[in-house]
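Number of protein chains: 4
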Amino acid sequence: MKRPKDTIIALLHGPDKRGLVARVSGWIFERGGKIIDADQHYDRVEEIFFQRIEWAPSDEVSDCREETEEFIKFAGELNMQVVCRISSAKQRVAIFVSRYDHCFHELFLGQNSGELPCEIACVISNHPDLMEATEGHGVAFYHIPVTPETRRKAEQRQLEILWEYGVELVVMARYMQILSETFLKEFGSPVINIHHSFLPAFAGGNPYRKAYQRGVKLIGATAHYATAILDDGPIIQQDVHRVSHRRTVKDLIVLGRMLERRVLLQAVRWHLEHRILVYGRKTVVFD
Amino acid sequence: MKRPKDTIIALLHGPDKRGLVARVSGWIFERGGKIIDADQHYDRVEEIFFQRIEWAPSDEVSDCREETEEFIKFAGELNMQVVCRISSAKQRVAIFVSRYDHCFHELFLGQNSGELPCEIACVISNHPDLMEATEGHGVAFYHIPVTPETRRKAEQRQLEILWEYGVELVVMARYMQILSETFLKEFGSPVINIHHSFLPAFAGGNPYRKAYQRGVKLIGATAHYATAILDDGPIIQQDVHRVSHRRTVKDLIVLGRMLERRVLLQAVRWHLEHRILVYGRKTVVFD
Amino acid sequence: MKRPKDTIIALLHGPDKRGLVARVSGWIFERGGKIIDADQHYDRVEEIFFQRIEWAPSDEVSDCREETEEFIKFAGELNMQVVCRISSAKQRVAIFVSRYDHCFHELFLGQNSGELPCEIACVISNHPDLMEATEGHGVAFYHIPVTPETRRKAEQRQLEILWEYGVELVVMARYMQILSETFLKEFGSPVINIHHSFLPAFAGGNPYRKAYQRGVKLIGATAHYATAILDDGPIIQQDVHRVSHRRTVKDLIVLGRMLERRVLLQAVRWHLEHRILVYGRKTVVFD
Amino acid sequence: MKRPKDTIIALLHGPDKRGLVARVSGWIFERGGKIIDADQHYDRVEEIFFQRIEWAPSDEVSDCREETEEFIKFAGELNMQVVCRISSAKQRVAIFVSRYDHCFHELFLGQNSGELPCEIACVISNHPDLMEATEGHGVAFYHIPVTPETRRKAEQRQLEILWEYGVELVVMARYMQILSETFLKEFGSPVINIHHSFLPAFAGGNPYRKAYQRGVKLIGATAHYATAILDDGPIIQQDVHRVSHRRTVKDLIVLGRMLERRVLLQAVRWHLEHRILVYGRKTVVFD
Chain A
1 MKRPKDTIIA LLHGPDKRGL VARVSGWIFE RGGKIIDADQ HYDRVEEIFF
51 QRIEWAPSDE VSDCREETEE FIKFAGELNM QVVCRISSAK QRVAIFVSRY
101 DHCFHELFLG QNSGELPCEI ACVISNHPDL MEATEGHGVA FYHIPVTPET
151 RRKAEQRQLE ILWEYGVELV VMARYMQILS ETFLKEFGSP VINIHHSFLP
201 AFAGGNPYRK AYQRGVKLIG ATAHYATAIL DDGPIIQQDV HRVSHRRTVK
251 DLIVLGRMLE RRVLLQAVRW HLEHRILVYG RKTVVFD
Chain B
1 MKRPKDTIIA LLHGPDKRGL VARVSGWIFE RGGKIIDADQ HYDRVEEIFF
51 QRIEWAPSDE VSDCREETEE FIKFAGELNM QVVCRISSAK QRVAIFVSRY
101 DHCFHELFLG QNSGELPCEI ACVISNHPDL MEATEGHGVA FYHIPVTPET
151 RRKAEQRQLE ILWEYGVELV VMARYMQILS ETFLKEFGSP VINIHHSFLP
201 AFAGGNPYRK AYQRGVKLIG ATAHYATAIL DDGPIIQQDV HRVSHRRTVK
251 DLIVLGRMLE RRVLLQAVRW HLEHRILVYG RKTVVFD
Chain C
1 MKRPKDTIIA LLHGPDKRGL VARVSGWIFE RGGKIIDADQ HYDRVEEIFF
51 QRIEWAPSDE VSDCREETEE FIKFAGELNM QVVCRISSAK QRVAIFVSRY
101 DHCFHELFLG QNSGELPCEI ACVISNHPDL MEATEGHGVA FYHIPVTPET
151 RRKAEQRQLE ILWEYGVELV VMARYMQILS ETFLKEFGSP VINIHHSFLP
201 AFAGGNPYRK AYQRGVKLIG ATAHYATAIL DDGPIIQQDV HRVSHRRTVK
251 DLIVLGRMLE RRVLLQAVRW HLEHRILVYG RKTVVFD
Chain D
1 MKRPKDTIIA LLHGPDKRGL VARVSGWIFE RGGKIIDADQ HYDRVEEIFF
51 QRIEWAPSDE VSDCREETEE FIKFAGELNM QVVCRISSAK QRVAIFVSRY
101 DHCFHELFLG QNSGELPCEI ACVISNHPDL MEATEGHGVA FYHIPVTPET
151 RRKAEQRQLE ILWEYGVELV VMARYMQILS ETFLKEFGSP VINIHHSFLP
201 AFAGGNPYRK AYQRGVKLIG ATAHYATAIL DDGPIIQQDV HRVSHRRTVK
251 DLIVLGRMLE RRVLLQAVRW HLEHRILVYG RKTVVFD
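Chains as they are written, first to last, in our numbering: chain A, 1 to 287; chain B, 1 to 287; chain C, 1 to 287; chain D, 1 to 287.
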């Protein structure tokens with residue numbers, strides 16, 4: 001059954017073809033739909049066409065899922081790759097966290113205020129510290145310690161939990177462990193990470209210390225999709241904060257918290273609103 | 001004759017109608033055109049639809065002007081208001097300036113570097129100071145002093161010059177006189193002004209002094225279209241710069257220069273690239 | 001008894017006198033103290049000298065309070081006004097809040113993480129909504145409804161609570177009521193407010209709606225000390241966020257939340273670290 | 001002879017010693033001087049104390065140079081390294097430039113407007129393109145082509161010119177050649193370079209292309225002192241500009257121009273106002 005005000009959001013990409021905008025908008029028009037928002041981008045170097053289109057189906061459409069399936073078929077005929085979502089469907093998100101809790105709290109605040117249209121399905125941590133805070137939100141907490149020896153087994157346990165909850169997105173909220181290539185492959189869905197530097201500067205550990213030692217005048221934070229190579233995945237959002245010579249490493253850590261929270265929240269929101277298309281090492285963000 | 005690589009840019013707006021995107025893109029598609037860029041916006045409060053669409057006409061189109069005229073007719077049938085431009089056509093711009101020369105130099109630098117796709121047709125000033133600098137660029141300079149008594153006559157002289165040069169845009173580059181409602185009406189084309197504050201804060205004279213006295217922590221600059229009401233026209237671009245209690249009024253003036261230059265340059269560039277649609281007191285900027 | 005690592009922070013201001021820096025630093029030096037940080041500012045227009053100086057007293061000083069009292073006497077001899085604090089002494093803060101909870105949560109997060117060196121003594125609200133959240137932090141919550149008829153009585157009740165808890169700072173965390181001049185006078189200690197606009201633009205109610213209607217390209221937030229005149233007190237911190245024509249009033253409200261939280265947190269932190277000196281309508285912030 | 005309103009600026013650094021602030025300010029006080037501005041910083045990791053102090057000598061001081069020499073002697077007694085300048089003394093600057101002219105013009109505009117308190121002594125370029133523009137400012141232009149074979153000889157010629165003009169600062173305004181370690185040593189005075197990335201990201205050639213390929217969401221510019229290692233010297237100033245997936249490499253180059261100009265201008269201004277102290281790979285900027 002179609003709920004009131006449901007819209008459909010499609011993210012398309014593929015080789016550029018003349019008339020694509022006309023054909024997609026024509027398809028919606030002919031079925032009595034109303035385009036709410038449409039944004040497109042053509043990468044002239046890679047010769048790829050990207051489109052995000054959101055429409056309200058005709059009042060006669062009783063089931064958005066059916067309309068969605070029809071559109072996916074149509075996109076296939078156009079030789080376009082497509083992801084299609086009904087606006088009211090909330091994604092199930094898992095938070096991976098260690099001890100730093102600022103990003104963890106930010107995500108819960110964002111979810112509670114409605115800024116993040118998702119359901120936080122569970123929290124997984126290699127430390128027990130945030131158990132009480134998680135359960136206070138009525139969310140299941142899993143303490144899975146990780147050592148070099150137990151990593152494989154720990155990741156297997158994590159995957160079982162993600163599958164059990166039907167998790168569609170993992171957010172690494174300052175989770176201080178690296179997820180293996182195997183894990184990422186088996187999970188198969190996106191993982192967003194927040195790195196506390198302006199990538200590609202200061203990838204890896206202790207970025208604030210490195211920033212301090214290099215004497216940079218701005219510190220940064222980067223939200224990106226996790227890939228098998230550490231801190232190398234497609235960048236979603238970045239921001240910076242001005243610092244002076246007066247700031248110690250400890251100051252940078254404190255100032256960076258606000259930056260990390262802001263950048264991560266925005267990246268997760270864009271993802272949940274289906275505004276991001278990944279290709280190669282880059283993202284298109286239809287904001 | 002169509003020059004190589006010429007594209008057509010159309011700015012449309014009007015009451016929202018279902019199928020508008022489909023019909024516009026369909027029109028281009030059917031004539032063998034290729035959409036380079038398309039951006040649209042629907043203002044749900046005012047119920048107005050806006051679109052900027054840029055396309056390369058079919059190779060068989062020998063004259064872009066003809067295609068342009070056809071499109072204007074078509075837009076009329078859709079009940080949409082439209083402005084249509086051929087990409088290679090450079091607009092003729094006049095600079096109004098007084099004594100502060102930083103915005104004046106910025107515009108010439110921008111024009112020389114190709115960042116501003118325009119021709120600077122002439123410079124009009126109420127002071128003779130920038131005559132030599134203007135003529136050094138091979139551009140005509142008109143010194144037209146303005147006093148309360150001579151304003152009317154001075155504006156008449158200004159209008160004659162603008163008409164003589166076929167000026168399509170006036171840029172007030174810190175021109176320290178107010179252009180009357182009569183002038184604006186008779187000129188009939190857009191006038192962009194740079195105001196040295198974050199409007200609507202500190203409209204009118206001496207904004208840096210007012211900012212200093214109020215103790216603000218950020219100073220600003222605003223580029224807007226001039227209207228009959230001072231510093232009240234549709235805002236195109238704004239930016240700010242952080243200041244501390246250490247800054248004197250004189251410091252703010254110096255720091256503000258860079259801000260004013262940057263904001264004005266960007267606003268004029270957007271205008272020349274046909275990225276701005278004005279409605280009521282607001283602008284849509286398709287960046 | 002002196003606790004380890006205690007330092008003393010003095011905020012001085014008064015008419016400029018030659019040799020002031022030399023005399024203050026000399027006083028500390030002679031008593032065996034070590035200057036940790038010193039910052040000064042001279043307002044050439046108002047002819048006022050400001051200084052923030054932080055020092056570690058000699059190891060022989062067994063009681064920082066005594067050293068503090070000696071310094072206050074000394075400052076009096078110099079004809080300077082002075083506020084003196086021992087670094088480890090945590091101020092008692094009361095939060096005033098209505099229904100919007102983002103600033104409320106931000107303050108608790110900041111206090112928990114140590115970023116805000118204070119004790120949250122109590123929360124006072126004209127709505128019961130945040131009672132549970134407050135008590136979850138182990139903090140007393142007072143629900144004091146306010147109507148035009150009961151304002152006077154309500155404020156009297158608020159004052160009694162503030163006195164009872166020995167509150168030294170009130171933070172209005174989007175408290176949607178105006179505190180009367182009488183209240184501010186009787187309380188006698190500072191009150192910090194967050195206003196959701198770039199003051200002096202859009203003072204008063206509904207600033208995001210006003211910003212939307214004016215078509216500004218940046219929205220702002222301002223933290224300031226509350227005075228008897230609404231949104232007119234000395235500005236502590238301001239920041240802005242870029243917005244486009246695509247943003248609705250509702251979007252501005254959501255985007256503004258992060259801005260308000262950030263600006264308020266920073267202002268409260270500076271206040272608690274004794275970095276702010278107020279004079280007239282302005283602040284000196286020794287960051 | 002002391003000119004009216006001359007002040008003396010001293011930049012000191014050395015091992016921290018108790019009483020340093022007291023002794024320096026005491027020295028000035030005793031000689032009847034008036035401290036205009038004083039800023040200090042203590043690096044707790046490196047245990048180095050930094051101070052910038054500006055004072056107006058007593059009216060009885062007829063020659064600032066003498067006062068300056070006395071102060072240098074006094075600083076030596078304190079075991080502090082010191083650089084001392086009379087405020088009205090303008091430094092002689094040489095601009096090194098290739099073909100990109102935006103930074104070149106920025107420096108001349110800054111010098112003309114008084115923002116850069118210096119004299120532009122000469123311009124040296126490996127291309128003849130900017131000869132006319134330079135000579136139009138009444139400044140000598142030297143065209144010194146550089147090839148891998150002639151580099152040594154070219155640098156020798158450059159040094160002779162710098163010595164001839166008594167140049168105290170070289171500004172590399174997008175000079176597309178690397179200055180050798182030998183050159184830097186023999187010149188002996190500071191060289192400021194502008195690099196068109198947010199260092200340490202994208203050091204070396206083609207940073208905008210690299211930024212585009214990595215898909216960063218902010219581009220940057222960095223002004224730093226040149227050292228023997230490319231793009232590795234102490235950072236003076238950095239800034240960033242937001243970019244979207246729509247921007248091509250060419251767009252980044254255009255957008256970056258404004259960024260480079262702004263960052264370079266600010267760095268050169270701070271240097272000329274004696275606000276920068278270099279230690280190791282870092283700078284202290286007393287802004």
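Hints in this document: simulated from the structure, not taken from any laboratory. All C-beta atoms, glycine included, are put in the ideal place defined by N, C-alpha and C. Check the hints yourself; a few may be wrong.
[Unchecked claim] One side of the interface only, derived from the structure: several residues of chain A facing chain D at Cβ under 7 Å:
#, residue
1, Thr150
2, Arg214
3, Val216
4, Lys282
[Stated by the list, open to error] With a cut-off of at most 27 Å between alpha-carbon atoms, the simulated DSS-like pairs for lysine-lysine come out as follows:
#, chain 1, residue 1, chain 2, residue 2
5, B, Lys5, A, Lys17
6, D, Lys210, D, Lys185
7, C, Lys90, C, Lys5
8, C, Lys17, D, Lys5
[Said to hold, decoys possible] Covered, in the sense of this in silico footprint (three residues per stretch, anywhere, with C-beta under 8 Å from a C-beta of chain A), are these stretches of chain D:
#, stretch
9, 187-195
10, 215-224
11, 237-249
Hints versus structure:
1. Thr150: violated, 34 Å
2. Arg214: holds, 6 Å
3. Val216: holds, 6 Å
4. Lys282: holds, 3 Å
5. B/Lys5 - A/Lys17: At roughly 19 Å apart (the allowed maximum being 27 Å), A/Lys17 and B/Lys5 satisfy the hint.
6. D/Lys210 - D/Lys185: The hint is violated at about 31 Å.
7. C/Lys90 - C/Lys5: Between C/Lys90 and C/Lys5 the Cα gap is close to 15 Å, so the pair holds against 27 Å.
8. C/Lys17 - D/Lys5: holds, 19 Å
9. 187-195: violated (count 0)
10. 215-224: holds (count 5)
11. 237-249: With 8 residues in contact (Cβ-Cβ under 8 Å with chain A), the coverage given for the stretch 237-249 of chain D holds.
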